[in-house]
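Protein chains in written order, with full-length UniProt numbering: chain Z, 1 to 452; chain U, 1 to 452.
Because the hints were derived from the structure by calculation, they are not lab data.
Since the list can't tell identical chains apart, any single copy or any two copies may satisfy a pair.
Straight line, CA to CA, 20 Å or less: simulated EDC-like cross-link-like pairs of lysine to aspartate or glutamate:
| id | residue 1 | residue 2 |
| --- | --- | --- |
| 1 | Lys344 | Asp321 |
| 2 | Lys349 | Glu155 |
| 3 | Lys344 | Glu155 |
| 4 | Lys317 | Glu428 |
| 5 | Lys253 | Asp321 |
Chain residues, written in single-letter form:
Protein chains: 2
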Amino acid sequence: MNILITVDELCFTGHVYRKLTASNGRCQVLAAALISAALCLSLTSINTLRPLHLTLGYLGADDDQQSLPLTPETQSAPFGLNWPGPPHNATLLSQWADFLSLDYTQHPFDTDRLAPHLTTNEEVIWEIQRLHMQVMTSLLGGRRHVMLLDFSTSENKGDPAITVGEVALLRRLNVTVVFYCSIFMCSDAKLKEAHKISRNFAPSSLMILLHGGGNLVGYPESDILRKKILNLFPDFQSVLLSQSIWIRKDHEKHLNMCRELYSHRENLTIFLRDRQSLGLAQEHFPGTKLMLMPDMAFGLGRVPRTMPPTVDIVWIKRADDESSRYKVPEMPTNLSVQVEDWWKWTTNKGRTPMESSFLIAFNGLSFLQRGRVVITDRLHGHILSVLLGIPHVLIDNPPYFKLSSFRRTWTAGLSNTVLVTTGKEALEQAQQLLQRYESSLPSIMTYWKANY
Amino acid sequence: MNILITVDELCFTGHVYRKLTASNGRCQVLAAALISAALCLSLTSINTLRPLHLTLGYLGADDDQQSLPLTPETQSAPFGLNWPGPPHNATLLSQWADFLSLDYTQHPFDTDRLAPHLTTNEEVIWEIQRLHMQVMTSLLGGRRHVMLLDFSTSENKGDPAITVGEVALLRRLNVTVVFYCSIFMCSDAKLKEAHKISRNFAPSSLMILLHGGGNLVGYPESDILRKKILNLFPDFQSVLLSQSIWIRKDHEKHLNMCRELYSHRENLTIFLRDRQSLGLAQEHFPGTKLMLMPDMAFGLGRVPRTMPPTVDIVWIKRADDESSRYKVPEMPTNLSVQVEDWWKWTTNKGRTPMESSFLIAFNGLSFLQRGRVVITDRLHGHILSVLLGIPHVLIDNPPYFKLSSFRRTWTAGLSNTVLVTTGKEALEQAQQLLQRYESSLPSIMTYWKANY
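The following block holds chain Z by itself, in its conformation from the complex (with noise of 0.2 Å):
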């Protein structure tokens, strides 16, 4: 088994809320002399590590006696910090033992074996973190200094969700970023100052990251930016974090350049968000090491509902080329539904392309709490109510298919959470699951009779 905990880390487990770029010579020590005890604590079996982990938060809030806490009920951690931790279920966890302990970037093909298996938003959310931190360990190789590229501030929710996922999963493996842009700040300009900072960094120092998605091969513009990109740093190891595949029908050509662009890169490795996709990397993306990893969205966690719901249902419906058109069936009259894509839910612009991108992942939250359970055709509509706990269906998206390739491969065993391949389906599958959680769903609160 690989025990991945440095003494970094430990120091911050003592304080989730520290702020990270502190550093603490008291918590140090106190992490040094601790961490044989915390070695032999992990070793002994998997399901201790959540009780070291509250012991060491423990002892770490009183190693800093000059700072005051604020009351418990005012430290729910904000999104990002929010780690689940193992499930309690011991028995389930020395079934999966073996698999717990695999070094991933060894086994690149087999990393969602437990996932579609378990059965609660918590688990799904706790195995997906676990992933992303053991393989970015692994590929990082002692590495603390990465450039986060091509990541997004558009209002489609789900790319900023995954720029917050990506940047929390960072902060997590105390990693540093010396530079950073947004897919449209990526300039020629800005990539050469890029490209004057890695100089001062040995390809043994440093990583290139880019951002990930649902953009490959399905969205040349993306594919363009990373072929720059790539061609710039030849030299450094880079990681394509996880992506989709959509290969659209006469896209031949672009098809042709994404197969000369990705494969044979040696210090290149891909991460597939979904065993379709994967399929597709290992046919057209040949001698570049490809993994099997979840989006990058869940290093948001667990997020708890802050609005009370306003309507029966919100109801995401996508207008552009992903959409498999389907029909939105006529609606009861007992029922409330709002039927809208997200993208004109617009957001408060940051001062910073990356503060937007919180912003707006935020705003992706806020639009589905309206909705007492939600109806998705978008996978951030899904992937954002699995972080919110509302119970949800999903509707396919064919010829794509982003959206069942995604569920099959990591979420299917929650059973809040139905796959549908039609509006009419989706709408009596809402409706079940409304009766079904009942008694656990958050009200409507606004009075609507007296619609004024």
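Dock chain U against the given chain Z, drawing on the hints supplied.
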């Protein structure tokens, strides 16, 4: 001691999330069976209230076998459904037992005896919600129907937060809203409609509620609308919910109109939300029932931070007539500070004005969460920060003194909240708060150095 628990409330206690309008026969039977035991328990001592609540919650949940629970982690209550229980401090509760069992409608100026002695956010919220529930139950006197008039969808965030608090309180009181209108929708035609609806009700079954806020006397258009409303429903008991009074220089003529409008109104009760406003009301509005009652936005309850902060300090600086025109000092280079009013932090529209109010209040919460700590010259920057548990500095606004009067009356005991009068002091105090709560404040997650 008054026992205010009804059968409906017992059922509701069992399911914070039960759809509030739904009836449940089995629950009512169970509640009837439990009610005598509950009465005994709640009489034994005040601090049995919390265990009682928990016990009923558990029994209630078991009662509903056909409806599946979500996992516990997904059940944190959204705002408006988040009601802190009484403090665990038995000494405090027994010390204040006499005060806690008062009928405040008989002691309308004594409501603030406990609140300023409470030291945690949870305690203050509990006490204020308790006053709202107790007094409104008493004033409703068995009425189950209300009209809620003149509420707000203003981007000032405070008024919508008050609206949400009012709606949450009405839901908790299990009262039906038979008519509502937001300020811009309370046209003569709509009010005529409201008047028509009121004919279906006897004065003993319908109450008229006027939205709270900070616009009594200070904002003539609000008084003019209230004049219309009060003259339209002379036979019904009305409550003007918690307000501040601001008497502007050279507004003698409008003050005279207000004197005439609000004095000797037999069927009106006015809630004043601070002692200064109460004093002004006593001076200018003789012959009308006045009560010292805290701001309605506390109906939101405790709200967890959802988003990690992106700056050290968010500073709300208003630019309207209520500002004291203080100067913002130069910022130290090692601090990230965002200075702006939240007026321009715009919100997506809901399908109705009431839904818009909820969304704007939520958006106000998101504005504040960007800061590790907050500086505010707006009263609801203070109140929402108390609800979020964010340490903060209030800058007073002479000659109105809306903030200091409110703080002195209700929140003076909170040590994570500081009152100052200048921008320079505000910055110093905010820096001290950052230091004092360093270990328990969430860290900034966004990377700033690479600003692209």
